[in-house]
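Heads up: the sequence lines are chains A and B, in that order.
Each step along the first sequence adds one to the number in my numbering, with nothing skipped, and position 149 is 149.
Each step along the second sequence adds one to the number in my numbering, with nothing skipped, and position 133 is 1133.
Because the hints were derived from the structure by calculation, they are not lab data.
Glycine included, C-beta positions come from ideal geometry on N, C-alpha and C.
Wrong hints could be hidden among the right ones.
[To be verified] Here are the simulated distance ranges between beta carbons:
no.	chain 1	residue 1	chain 2	residue 2	range
1	B	1145	A	42	27 to 35 Å
2	A	53	B	1146	33 to 41 Å
3	A	128	B	1142	25 to 33 Å
4	B	1040	A	146	44 to 52 Å
5	B	1111	A	143	34 to 42 Å
Protein chains: 2
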Amino acid sequence: MNALTQLGMVSDFPSENQTTDIVSAAVEDDRKDYFVERDGMRYAGTHLLVDLWGASRLDDPEHIDAALREAALAAGATILHSHFHHFSPNGGVSGVVILAESHISIHTWPERSFAAVDIFMCGACDPYLAIPVLQEAFSPTDVRLDEQRRGRIA
Amino acid sequence: MNALTQLGMVSDFPSENQTTDIVSAAVEDDRKDYFVERDGMRYAGTHLLVDLWGASRLDDPEHIDAALREAALAAGATILHSHFHHFSPNGGVSGVVILAESHISIHTWPERSFAAVDIFMCGACDPYLAIPVLQEAFSPTDVRLDEQRRGRIA
């Protein structure tokens, strides 16, 4: 499996095993991140910067992967790829789920019960629908959220 | 090669071929995203939200991959993994370079000469050093930049 292959490669961390994937879609009209119009503004997409404090299970990459995938689907997004890196010795996780409508990323600091999450979605998705999934998955005592509208043209 | 394998998988876009990689580092002390102190503030990392307008070469995934890697290295970051998706029919690219110190992501709209870039770096990196690399690679006529300090604790 890909994951096992990756494990084998990354035992030589860091520089000799940088993986690069460049993928072309063979399907027409697969772009789902057209510009949207909302509240009288026109822009590419909504980017939520979400800081989770007092959070749990931040050192479990399988759990984090499942949570971010569920969050993406809850927001109406299409998942293309995910990659998570599990660090030693603190157990922190860094990773991203790439979507047809942009991405969800996470970086965790289990020793501080803190995670920085980014939910960037375009097209018909609603990134706010991802928030309850994150709350369920990580049980944060405090959530700090900031919204940025990227690529504003009007 | 991994890239060829991925190409083969994604020709069945979108849902049946979601790739998931979960990687654990076998090396101790590979964490490079410790909290920093600057300007009297203590926080996890600096996150630059960079919107490029009037930009070129936004439909060339190999060029974008090379540019983001060069940008990461210029900022002093350690590259772990990159993945780029090339969309049809507009040729837009979505992707990310995952770093030991967080990530750089990009989403391009070649038909609008617009790209949304995120440069999230922790530890000893300086994400501002990535900006000239992006300017060189994509020749934007206008760059909009916003800085967010993530995970502020003091």
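Hint check:
no.	hint	in the structure
1	1145/B with 42/A: 27 to 35 Å	21 Å, violated
2	53/A with 1146/B: 33 to 41 Å	22 Å, violated
3	128/A with 1142/B: 25 to 33 Å	29 Å, holds
4	1040/B with 146/A: 44 to 52 Å	21 Å, violated
5	1111/B with 143/A: 34 to 42 Å	36 Å, holds
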